[in-house]
Amino acid sequence: MTERIATTPGVYPLPDWAKDDLADLKGHQKHDLIDGDEGDDVVSVYDQAREEVVERQQDAGLDRVVEGQLRWDDMLAHPFAVHDAVETHGIVRYYDNNNFYRDPVVTGELTFDGDIAAELEAASEFADSGSLQAVVPGPYSLADLATDEYYGDDADFLAAVAEFLAGEVEAFPEVETLFVLEPSLVENPPGEGDDERASEAIDTVADAAPAGTDVIVHTYWGALEEKVHAHLLDADFHAVGYDFVSEQEQNLYNINEYGTKDSIAAGVVDGQNTLVEDSEAIAERADWLEESTPAADFEEIYLTPNTELFYLPYSTFQEKLAALGEATELAEVKA
Amino acid sequence: MSQNRDQFRPENHPNDHFLLTTVVGSYPKPKWVDRVSDLYEDPDADFGEAEWQEAKDDAARLITDEHERAGLDVVVDGEMRRNEMVEYFAHRIDGYEFNGPVKVWGHNTFDKPSVVSDVEYAETWLVDEYEFTASVSDRPVKVPITGPYTLANWSFNEAYDDTESLAHDLADLVNTEVEKLVEAGARYIQIDEPALATTPDDHAIVGECLERIVAGIPDDVRIGLHVCYGDYSRIYPEILEFPVDEFDLELANGDYDQLDVFKEPDFTADLALGVVDAHDATVESVAEIKANIQKGLEVVPPEQLTVSPDCGVKLLPREVAYEKMTNLVRAAREVEQELDAGEIEVEKSAVTADD
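If you're matching them up, the sequences are chains A and B in order.
Just so you know, we're using my numbering here: the first sequence kicks off at 1 and counts up by one.
Just so you know, we're using my numbering here: the second sequence kicks off at 336 and counts up by one.
It is possible that some hints are incorrect.
[What the hints assert, rightly or not] Stretch by stretch, here's where chain B covers chain A in the computed footprint (C-beta under 8 Å, at least three residues):
(1) 5-19
(2) 23-33
(3) 96-108
(4) 264-278
(5) 302-313
[What the hints assert, rightly or not] Now the in silico label distances, taken between C-beta atoms and shown as ranges:
(6) B:Glu386 / A:Ala171: 51 to 59 Å
(7) B:Gln672 / A:Asn188: 45 to 53 Å
(8) B:Lys630 / A:Gly90: 19 to 27 Å
(9) A:Trp17 / B:Arg370: 19 to 27 Å
(10) A:Asp234 / B:Ser372: 53 to 61 Å
(11) A:Glu299 / B:Glu493: 31 to 39 Å
(12) A:Gln58 / B:Pro652: 43 to 51 Å
(13) B:Ser372 / A:Asp96: 27 to 35 Å
(14) A:Gly39 / B:Glu493: 37 to 45 Å
Source of the hints: derived by calculation from the structure; they are not laboratory data.
Glycine included, every Cβ here is placed at the ideal spot set by N, Cα and C.
Starting from the given sequences, assemble the full structure and let the hints guide the process.
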């Protein structure tokens with residue numbers, strides 16, 4: 001019997017009160033954003049907001065709880081934005097969205113930082129290790145979002161980003177699950193040769209997680225190209241995440257034609273639309289997925305929004321969490 | 336080349352050549368406007384609807400006058416009454432709902448609205464704004480309107496099958512508004528479609544929307560389309576098929592690195608060329624702007640050239656915005672004189688889509 005697990009890919013919207021407080025405390029310009037050295041008053045707002053979003057997930061009945069990455073002003077580029085060997089330059093567009101981040105320019109060696117581990121330590125005060133989930137950008141996406149002025153060669157840079165992320169992951173407190181977000185694999189797919197290297201880079205990061213941590217490599221904004229998908233499966237991790245909100249047919253084709261891991265993450269809640277799916281519809285999506293993949297017998301289906309959730313107003317975000325939490329409870333009642 | 340441009344030439348224009356000078360729309364709000372807006376929203380403050388209206392009128396009068404003092408041929412009120420380019424319209428259209436602020440970048444947010452049912456025309460959006468501006472200025476007034484594709488794409492769509500069908504319905508509402516504006520006397524309408532830059536493959540949808548917008552609008556009403564911060568090679572020459580008189584394009588920001596895109600095939604519409612950067616607080620000199628204007632003359636002849644900033648200048652310090660406008664007008668007038676004197680060679684001759 002397939003277990004259904006309700007979770008999210010993190011990068012949450014700030015609660016509205018925190019949006020106001022932080023805008024006042026930090027300001028609106030490029031140099032006002034998070035650099036890893038925030039003052040006590042700013043830290044305390046984030047602490048309070050973190051506790052609130054952890055509680056919201058627990059109240060919603062999610063099976064995995066994330067820290068929320070509320071400090072990630074630069075979205076998935078955050079781990080670089082706070083790094084000493086990275087300068088943040090002009091504002092650039094975040095994928096095809098009406099969102100922007102500071103272009104992180106790598107100017108030195110990507111040594112260990114510990115910023116994400118510290119956030120997870122803080123979250124672990126409110127969530128036990130059996131439910132805590134870490135979220136990191138995938139090495140391919142992080143390299144894609146950044147500008148390299150130090151390593152000089154794309155392959156070397158990707159390998160260095162992977163080693164850097166692996167070092168960060170090794171420092172994590174005990175977590176049940178690690179989500180590795182790789183939208184660039186879809187949005188800016190690697191070509192011949194790079195696809196293999198992307199897979200190796202992901203393997204490096206997944207390998208850094210302790211044996212008991214399930215690693216999910218989540219892709220979104222469409223489906224992977226067939227070859228990229230095939231190479232991704234060569235890496236050693238627990239489950240691939242597919243975005244069934246934006247693309248159903250090609251994702252099913254990839255799974256049915258090439259197989260996937262023993263477990264799967266299914267983006268079935270729209271992370272970029274305020275229309276709140278009801279819990280029955282979410283559960284039906286999971287039923288549909290099982291029916292549409294007759295050759296597969298998944299150990300686990302992680303039900304998740306397809307994208308990060310910062311695109312949503314906070315009120316809608318909370319409603320989505322509630323619907324998602326309820327969806328896996330419905331399945332349990334039915335079973 | 337459009338036939339409705341001459342109506343904007345001032346009677347006492349000093350030169351034979353005429354380069355139409357104008358702005359894209361938004362202008363820095365004086366600090367007191369924001370303060371007063373806070374007061375208006377504070378339920379404990381003794382500041383009601385009438386006071387708020389008076390303040391907005393004062394601000395609109397002030398900025399319209401500032402445009403006149405800068406010497407612009409066609410003025411706008413700097414969009415003093417508008418808060419944000421999508422929010423402002425969504426508040427006036429039935430079918431929209433607001434759920435709270437969302438992040439754009441850093442701590443810059445906007446109240447991204449959700450379309451929850453069929454959109455319907457409820458009240459006029461801009462007729463009051465136009466009538467007021469026209470009443471306080473002797474110069475022609477341009478009315479910028481956020482385009483239906485941007486209104487659709489920068490909203491959450493809960494009610495329509497796709498962005499296209501929502502954009503089409505919104506285009507019909509824009510058409511209604513343009514009709515009302517024309518009835519009120521407006522002769523220069525600019526449709527702003529910045530969202531086209533993020534999704535250039537949707538240019539056909541924008542074209543269909545424009546067909547709906549101009550349906551029944553008399554030919555003497557000048558229609559412009561403003562697009563900015565995108566890869567123009569992905570929308571040109573397809574946009575030449577759009578039923579508009581003028582394209583208003585951001586090009587100074589990229590130092591005209593995309594200018595060549597518009598040289599082949601011939602640019603058959605009028606070109607409103609961005610000649611000052613809207614996001615750089617350094618004021619371009621008259622000489623620099625004159626060089627920029629001449630870039631435009633590589634694409635169209637003087638009869639088809641409008642001179643304007645790259646984009647709305649609302650994020651600049653106000654004195655910087657003013658100096659940019661002043662230098663822009665001075666540069667245009669000097670280029671006109673040099674054209675009159677034959678000191679500038681014109682490569683392009685006028686062509687039209689019908690040639």
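Hints and how they fare:
Counting residues of the segment 5-19 of chain A whose C-beta sits closer than 8 Å to any C-beta of chain B gives 4, which meets the bar of three, so the coverage hint holds. Coverage of the segment 23-33 of chain A by chain B holds. Counting CB-CB distances below 8 Å, 8 residues qualify, and the rule asks for three or more. Restraint check on the segment 96-108 of chain A versus chain B: 6 residues with Cβ-Cβ distances below 8 Å, three needed, restraint holds. Coverage of the segment 264-278 of chain A by chain B holds in this model, with 4 residues showing a Cβ closer than 8 Å to a Cβ of that chain against a need of three.
With 4 residues bearing a CB less than 8 Å from a CB of chain B, the segment 302-313 of chain A meets the requirement of three and the coverage assertion stands. Range check, Glu386 (chain B) to Ala171 (chain A): Cβ separation about 57 Å, and the 51 to 59 Å hint holds. A hinted range of 45 to 53 Å holds for the C-beta pair Gln672 (chain B) and Asn188 (chain A), which are about 50 Å apart. At roughly 23 Å, the beta-carbon separation of Lys630 (chain B) and Gly90 (chain A) lies within the given 19 to 27 Å, and the hint holds.
In this structure the hint that Trp17 (chain A) and Arg370 (chain B) lie 19 to 27 Å apart at CB holds, the actual value being about 22 Å. A hinted range of 53 to 61 Å holds for the C-beta pair Asp234 (chain A) and Ser372 (chain B), which are about 57 Å apart. Under the hint 31 to 39 Å, the C-beta atoms of Glu299 (chain A) and Glu493 (chain B), about 35 Å apart, fit the expected range. At about 47 Å, the beta-carbon gap between Gln58 (chain A) and Pro652 (chain B) stays in the expected band of 43 to 51 Å.
Look at Ser372 (chain B) against Asp96 (chain A): about 33 Å separates their beta carbons, and that is inside 27 to 35 Å. For the pair Gly39 (chain A) and Glu493 (chain B), the beta carbons lie near 40 Å from each other, so the given range of 37 to 45 Å is met.
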